[in-house]
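*Asks:* Same order as they appear, the protein sequences are chains A and B.
Sequence positions in the first sequence follow my numbering and run 512 to 1141.
Sequence positions in the second sequence follow my numbering and run 148 to 480.
It should be emphasised that the hints constitute simulated quantities derived from the structure, not laboratory data.
No false leads were mixed into what you were given.
The calculated DSS-like cross-link candidates involving lysine-lysine, where the alpha carbons are at most 27 angstroms apart (straight line), are:
(1) 206/B - 672/A
(2) 1084/A - 934/A
(3) 339/B - 724/A
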Amino acid sequence: MKKSTLIILSLLLCLVGLSFAQEMTDVGTPRSETLIFQTFDRQTANPDQFNPLLSSYAVWRGFRELGWGTLWETDTGTGETVPELADGLPEVLNDEHTEFRFKLKQGVYWSDGVEFTADDIIYTLDTYFSGTDCLNWFGIAVITGYVESYSKVDDYTIEVKTQKPAFDFTATMGTPNWGPRLNIVPKHVFEQQENLCEFRNPNPATLGPYTIKEFDPNGFWQLWELRDDWQRSSWANLDSDGYMPKYVLYKDFGPEETRSLSFVQNQYDVDTFMSPDSIKAAQARNNNITTFSPDMPYHNMDDACSYGILMNMQRAPLDRVEVRWALALALDLKMVGVNSLSGEFLSSPLPLADTQIKHPVYVEPLLGWLNDFTLADGYKPFDANFTQDLANVLKQTGAKNIPEDPSAFGIGWWKYDPEQAGKLLESVGFTKNNDGKWLLPSGELWTLEFVIPGDWNKVMQRVGFSIADSWRNAGIEVNARQVDNAEFTVVQNTNAQRTTELNWTNCFFTNNYLSGAWSTIKTEYINPVDSNETNAGNQYQWSNEKVDELVTRAAGIDVTSEEFYEIGREVLKEFVNDMAYINLMGIPTTIPTNEYYFTGFPKADNYYAVPYSWWSSAKAIVANIKPTGN
Amino acid sequence: MNLIQYILTRVGAYFVILFIGITVTFFLPRLMPSDPIEGYINQIQTQAGQTMDPEAITKLRQSLRELYGLEGSLASQYVNYLKKVLLKFDFGPSLSGFPKPVSEYILQALPWTAGLLGISIVFSWLIGNLIGLLAGFFHNTRWATVLEVVGVVLYPIPYYILALVLILLFAYVWPLFPLSTTIRPGPISLEKIRMIIYNSFLPALTLVLAGFGWNVLGMKALSFANKEEGYVKFARLKGVPPRTVMFQYVAKNSFLPQITALALSIGGIFNGALLTEILFSYPGLGLRMRTAVGNGDFNMLYGTVTISIIAVATAALIIDLLYPLFDPRIRYQ
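Just chain A, with the same shape it has in the complex:
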């Protein structure tokens, strides 16, 4: 045999070997039976900490989705509450709405074969109320501040009394947003531990359909395996076709530069927060990679939160509503979106994410009001043509897949009008110097500190720099400061550190705005302007008497009533009146999927859930996907 033939044969053998190798995952499971998510938190510090009563447990590794069970869950496709471990919705026992009775499903078992009963919930609540300081899961503080008393009626029935009238019982005792507060633990395991604070819960008994098979002690991945008896687990009912992937792997595939290459190589199925540019590059090399929607803006995935600008409204000159409005009108969101996101965003002038669930309740009814809304000087700031203009700009830039209906980009935004912004600033004593820069009423140069995420959130980082450019173009001197994530949260919640910050806030997924940040908008939670203590509530640090009264009133009525929604709309109007938060857009959360091995992921035309891997939606994804046979 010739030498060259030998070499070619050897190379071919190598390639064949490689192709066989690629059918197994790096953790030794068949790739076609392993659904793989990019981890939300990349590397976890506590890969071996599975005790959900401690804040340091490996929460982002599938426990909330695959391992634990919750009484009531949120259907992220509709926003409705659905029972999971509970057998139906709770029965309200008194007119004050403080006493509840609920039943548990029968026939649900922990993965170690012990039946789940009311004893597990009572034990969990007992532990929450035991006053053990070292048990520092944040849900313990929430539940103990919410529940007055509780008792077991029988093995499948529990009664709970709340401290105040509770119209959000299923949310607080179930799942108000990304995760539950009440982490139900197995009594038969936990009661045998001498010290729960040191108990790491190895080989945890789970209520969900999966158990831990293996994990990386260095914290980069965790492998789950389908229980043999998964049909008697907490959410087996979500599955309709009898197919559930045998394995689910959460793994970090590295920074975006290398992760996108792994994605192209079909090494995993669902990404988390990949930038639009990387997605485009990956799609160009692998047509199995798809975005949420085939049309612009590809990544509107109904995230619960929105991007916006937090301001310290107690610190001059931001204590003046005219200045806050000037910042809004000096911000050219159209160009910010085009430059930093290639126009792939959904704008929202109201301080909430404009999602399919919230739009008909809070956005649509306020359209007329927005069109008529005027500032004190009679100026109408709302730009209803914003989205059409955006579509036109995008067409000029050669963007593809622009929808005919510009409402895909939202309802509109505030006008870009530096001239009107200037008038507002002049009305409160600002002047311009010879360089065209705005000076404070004192005559000093106005330097606006603007905190933005560093490269740990590249999408926000780009948006932030683009906003700073926009303000500079309007003559505002801006110090755009990138910070690490630890400092970012400190600036967010500490008055002394905050001037302005690009942030994601207003997080509420359903129409119950009190399940999120609005619940604490009260003057009593405002810290002094230079306080270094974490704000204990009211993240906007916004003082508005009318809103205080509205929020208090809302807390005492049914969260699904028209009256509750009307109060929410009134709060939104006050937000706009005061420009208490410059809302920008829904989070352009970019979660592309690779459909080489699995199909049936949630998409705009198959909207059974939001596409996130770290919410209850992951349960729906796992239950709905199907293997492609590859």
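Given chain A, work out where chain B should sit, using these hints.
*Replies:* Relative to chain A, chain B alone:
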């Protein structure tokens, strides 16, 4: 100065450096704008959707201060810190991984970083210096010029770019190596060793090539200069074989500054190869340090930085103490 005085001076300086380094390490993170307690509360406020009761937050703040050992004045914290670090080598619990001790994290990450960087640095140093020596000694030959060009080309390429190019070539275009590290748990076995080598080869190659250029250029310049020294010319005229001249006369003297550089590089291992570990998801100390900065995890920073200071200072001390063996001029001073 006699040899004893020389050693005592170096050892004395070593302890002073350690003291200053550990002290600075204690105070520096406290100048960071993030407080670990408030950072933690901020995180859970965010997780809780800003719905935590203000009273619960106050209570949590107090209990965390006690748990994390952050009560008391700065001076008392500093004294406690010195006692713990110097006497027990205890950096306390990781604040982001509470209650796991920092020392456990360090012990877990250290072998990965030390193994990867230790091997890479030594290989890079040996190969680079050998090639540099040959290129300098035979500087008139064509291949010496080629090797020099290779060194000149590699040396200025930023590590990040070089690593990405190698990843593209050897993990994407020709997928011979993995794009990210995956090492399954379990006792050491042949399979596990294969897995470690398979996952570490590409990160190591990037490090070897990144250091290679500097070693080639440095050694070439030194050997080229030394080969023109009088004692080398004399040896050549006396008929000493070229190989002996190269290794015994030129190399011995040219290696001195390179040994210092090697010692300092080995000390630097404990910083971890930050970019390497980030790019390859490699579970080392550098990545821990980076995460600690992001999380405001003071204790983890103390631990990783202190280890680094001790390592660099110890490496410098060892080289100082060994130098008289390599350089007779110091012995005879």
